[in-house]
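Chains as they are written, first to last, in our numbering: chain A, 31 to 141; chain B, 92 to 208.
Keep in mind that the hints were calculated from the coordinates and are not lab data. The reader is advised that the hints may include incorrect statements.
Below are the BS3-like pairs computed for lysine-lysine, each with C-alpha atoms no more than 25 Å apart in a straight line [said to hold, decoys possible]:
#1 A:LYS109 x A:LYS89
#2 B:LYS102 x B:LYS148
#3 A:LYS72 x A:LYS109
#4 B:LYS102 x A:LYS72
#5 B:LYS105 x A:LYS72
#6 A:LYS109 x A:LYS93
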Amino acid sequence: EDQVTQSPEALRLQEGESSSLNCSYTVSGLRGLFWYRQDPGKGPEFLFTLYSAGEEKEKERLKATLTKKESFLHITAPKPEDSATYLCAVQARGYGQNFVFGPGTRLSVLP
Amino acid sequence: DTGVSQDPRHKITKRGQNVTFRCDPISEHNRLYWYRQTLGQGPEFLTYFQNEAQLEKSRLLSDRFSAERPKGSFSTLEIQRTEQGDSAMYLCASSLTSGTGGRDTQYFGPGTRLTVL
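Chain B extracted, bound-state conformation:
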């Protein structure tokens, strides 16, 4: 399978614990995005990378959230001191885009379902 993969698929944690999610994009894609989705809503943008550079962060991304994409390949999203409000599906997407104004179709992974008790 050459699509976007995410690990783990499910994570249950206690409030106050730290969690880390991984995303492996489609291999030749240069852009990688993180979204959060709660029940009954569409995905909400969190942040995106072009290669290894993090170019944009949403105001939804509090200082407890950090994302990295070392070497421009896979990415990790870490949530520190989790809160019950962090419970959601965390989606990763990737795209192949040239230039700063390119049109890019984003392909999504299966998501990581986080439950904070």
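Bound conformation, chain A alone:
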């Protein structure tokens, strides 16, 4: 069964304090790994798609990396507006098209 875990469950950072979020996955064959940001009471907002080990994507203060077993979301010099829940999802090879999501990491950036 495809599984996704994320750590830590919650993270509090001071503004400017860089850190990384982890997403570990077990799938029969990875078609894609996706990062989303979700604000309270809203739908997930797409950030990145990664397809193969070694791939990296960047957007502003965020950088996502992928290995064969996990992905990291690196946050450099975060700002309070980066506070949100960050969700990781995998899409497996095969007939199924759905995403399997992890529980998310709740990030709080304090001014």
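Knowing the structure of chain A, use the given hints to seat chain B on it.
Just chain B now, with coordinates in the frame of chain A:
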């Protein structure tokens, strides 16, 4: 705004009542997905459509749930005889994919928050 839209944004109902939610996907997207999300958890897959065909349903989708996508455009999700355990955020997503093995990024709507009293 050309993103995914959902209606209503909030729905409060009494146990035993039927509710229906609507999702309008991004206009050129051929796939549409429904997910359910409870507090502190990631979204859980319910079902998906390619054009008007419903191709996959999760075991989470009991016989009280039904989804349609007539004409391959908007979709509706109906819950009959609601139970308190149905209280959750119902999310819709859409994607543009060619072929059966395509990689597809899913774009989500704002969700419908259901509260069953």
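Checked hints:
no.: 1; hint: A:LYS109 x A:LYS89; in the structure: holds (14 Å)
no.: 2; hint: B:LYS102 x B:LYS148; in the structure: holds (24 Å)
no.: 3; hint: A:LYS72 x A:LYS109; in the structure: holds (20 Å)
no.: 4; hint: B:LYS102 x A:LYS72; in the structure: holds (15 Å)
no.: 5; hint: B:LYS105 x A:LYS72; in the structure: holds (24 Å)
no.: 6; hint: A:LYS109 x A:LYS93; in the structure: holds (15 Å)
Of the hints listed earlier, there is not a single one the structure fails to meet.
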